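Just so we're aligned, residue 1 is where the sequence shown starts under full-length UniProt numbering, counting upward by one.
If you are wondering where the hints come from, they were derived from the structure by calculation, not from laboratory data. Predicted, not measured: the structure shown is a model, and the values here were computed from it. Heads up, the beta-carbon is just placed ideally off N, CA and C, and yes, glycines get one too.
Beta-carbon label-pair distances, calculated as ranges: (1) Phe149 / Arg114: 32 to 42 Å; (2) Asp21 / Arg69: 43 to 53 Å; (3) Pro14 / Gln143: 23 to 33 Å.
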Amino acid sequence: MSLDSEIDFMRQVPFFADFTDEQLRLLAFGAETRSYRAKQVLFRQGDLADSAFIIMDGEVRMTISSDGRDLDSQHLYPGSLIGELALVAETRRSAMATAVEDLRVIQIRRSLFRRVMDEYPGLAEEIHNRMSSRLGNLVADLQQVVDMFDGLPQEPASMEDAMTFAMKE
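Whole structure, please, built from the sequences with the hints as guidance.
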């Protein structure tokens, strides 16, 4: 894929909506196009994250596991951005990413992304504001879940309490 094709592709990704052609060109020029075979792992849950991936072709399965069991998974397709938080902060991968089929991605390393942000402080501020807003929304959503659990009765202490609780329902 040519540099111009990669820029056009990146332009379709919502995260990069505020980037100019010049900014996208800098990112695309420094990014790596990588290929993975079906069932190949891009990264594992808990790995240090130093880059984000844009899916160009193929499908990725994101899996969250605990104690050796898969708890949740989702499938991502071309145009999806995986791991955008890794572009701005040192973090660990929250899930494992596996190619479902042959896959091609654009990998953008944090060091490259930071260089572009250093050159364009206005863009850096916009990205910061957007991510802060998303984080604020996430915290509000989590607070709603906490509030829902706060309204539930505590676990019964005895069989008699359990029966009383069950009769109320």
